[in-house]
Amino acid sequence: MAAREIFAGMPWWVKWVAVPVIALVVFGGLIASVVGFLFGLLFKLLVFVALVGGLIYVVRRFMSLSSSRGDW
Numbered sequence: 075m076a077a078r079e080i081f082a083g084m085p086w087w088v089k090w091v092a093v094p095v096i097a098l099v100v101f102g103g104l105i106a107s108v109v110g111f112l113f114g115l116l117f118k119l120l121v122f123v124a125l126v127g128g129l130i131y132v133v134r135r136f137m138s139l140s141s142s143r144g145d146w
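Under the numbering used here, the first residue of the sequence shown is numbered 75, with each subsequent residue one higher.
Simulated from the structure, these hints should not be mistaken for laboratory data. Hints are supplied without guarantee of correctness; some may be wrong.
[Stated by the list, open to error] What follows is a list of derived Cβ distance ranges for each label pair:
#, residue 1, residue 2, range
1, ARG135, ILE105, 27 to 35 Å
2, PHE101, ILE80, 35 to 43 Å
3, LEU98, ALA77, 17 to 25 Å
4, ILE80, GLY127, 49 to 57 Å
5, MET137, LEU98, 51 to 59 Å
6, SER138, LYS118, 41 to 49 Å
7, LEU112, SER140, 54 to 62 Å
8, VAL88, VAL121, 23 to 31 Å
9, VAL108, SER138, 25 to 33 Å
10, ALA106, VAL132, 55 to 63 Å
11, VAL133, ILE105, 40 to 48 Å
12, LEU98, LYS118, 24 to 32 Å
13, ALA76, ALA124, 17 to 25 Å
From a predicted model like this one, the values you see are computed outputs, not experimental measurements. Glycine included, C-beta positions come from ideal geometry on N, C-alpha and C.
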């Protein structure tokens, strides 16, 4: 028995309102934890990129300052 056959005699609101609401109630915690994990991972990735970029900027800045001092 396919899902199409099961929902064939049902009103439209069962397919488009009731079933998604039941799915959100049942799987809502799982969905929220996955979304939270992905946002946390994205935030940590952005912090990592910012820190590495800052480190590269500081190192290049000090390297250029030390090389200009060596010319004296």
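Looking at the structure, which of the earlier hints fail to hold?
-> 1, 2, 6, 7, 8, 9, 10 and 13
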